[in-house]
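> Sequence:
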Amino acid sequence: MRPLPPLNALRAFEATVRLGSLTRAAEELGVTHGAISRHIQTLEGFLGIKLFQPSGRGRVPTPRAATYFADVHASLDRLAGATERMREPTAMRVLRVSTLATFAMRWLIPRLSAFQMAHPQVEVRLMTSATPSLEQIDGDFDVVIRRHQMHKPGFACQQFLLERNLPVAAPALLERHPIKTARDLLTAPLLHCDSKPFAWTEWFTAAGIRRSQVPTAGARFENYYFTLEAAARGLGFAVGALPLIDDDLSAGRLVAPLSGPIALSDGYHVLYPANRSKGSVMQFVAWLIEQGGAGETAVS
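In terms of this note's numbering, the sequence shown is residues 805 to 1104.
Read the hints as simulated data drawn from the structure, not as lab findings. Note that this is a predicted model, so its numbers are computed, not measured. Idealized CB from N, CA, C, for every residue including glycine. Careful, some of the hints might be misleading.
[Stated by the list, open to error] Cβ-Cβ distance ranges computed for the label pairs, FRET-style: (1) T887 - G849: 25 to 33 Å; (2) D944 - D875: 20 to 28 Å; (3) H837 - P810: 14 to 22 Å; (4) A1078 - R987: 43 to 51 Å; (5) S917 - D875: 39 to 47 Å.
The whole structure should be built from the sequences, with the hints applied where relevant.
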C-alpha cells in the first residue's frame, strides 16, 4: 500500500504555503484557523519533519517543505483536473466570467449563443465590473476579460481581440458639424469617458495634433456604454472602438466621418488558470480566440 498522507492535511499545507497565511488558508477552505494548524501538525507527524520555521513575519516553509509544496501543488491540480474531466461529460459546468459591462453588452453577449450551442453542458455566468483591477473583483472567477495585459501567479493571459479607435457621431450631428479633417474636431462637441480618459489624446496624437491642443471640455460619462449611447443620440463626437461599434455603424446609428487615423489600443485579453485542467475554461478561451482572431502567445 502506498504511504499517502491525509488529503485534508495536504490541502491545508498547500493552501497555507500558496496563500502565505494560515488565516487565508482557513478562509479559502472554509475551516477554522485551528483546524488548519492541526492539519499541518498531522502532516508533520506523518512525514517526521517540521514544515515551517519562524520568521519576522510569522512562519515560512522550510527549504524541504518548499520543494514538497511544488509536488503537492502539481498533484492536487492533476487530481482536480481529472475530477473535472470525469464530471464534465454529464454534469452542467458553471463558468464564471468577469468582464467589463460595455464589452459584455456590445461584443460578448451577441455572440454567446454560438458558444452555448457548441457547449450546452457549460453554463456561462457573466459578472460585470467597471474596474480594470484584478484586486477589486468581487467573488470567485474562472476567466477574466479586460482591456489590458494582466498578471496573476498561476494564471496565463492571452490577447484575443484588437481594438481600433476612431471618431464617430450620429448622422444628424454630422450635418450640423461637418468633419473633413482631424482639425475640424478641435472645435466640435466632444464626449469624454472616465474609463477611457486618454482616448481623444491618443487619437489626436495619431492625427499629428499636439497634446496641448486637445480639447478637454465637453460632456463626460463614467461608463463607455453611456458615452456611445450619447454619441448615437447626437450629443457629441465620441472615440468609437471597433469592433464594439460594428453593429451601430452597420445600422447607421453612428457614422465615422474620417477613415483615419486609427488609434490602436492594448486590445482585449483573457486571464485563465495556467494549469488548463478545467476543460470548460479552455473551451471558452479557445472560442474567444477564434471569435476575436487576435490570439498571441500566452504569458504567465
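> Taking the hints in turn, state whether each one holds.
Comparing the hints with the structure gives:
{"no.": "1", "hint": "T887 - G849: 25 to 33 Å", "result": "28 Å, holds"}
{"no.": "2", "hint": "D944 - D875: 20 to 28 Å", "result": "26 Å, holds"}
{"no.": "3", "hint": "H837 - P810: 14 to 22 Å", "result": "18 Å, holds"}
{"no.": "4", "hint": "A1078 - R987: 43 to 51 Å", "result": "48 Å, holds"}
{"no.": "5", "hint": "S917 - D875: 39 to 47 Å", "result": "43 Å, holds"}
Taken one by one, the earlier hints all hold for this structure without exception.
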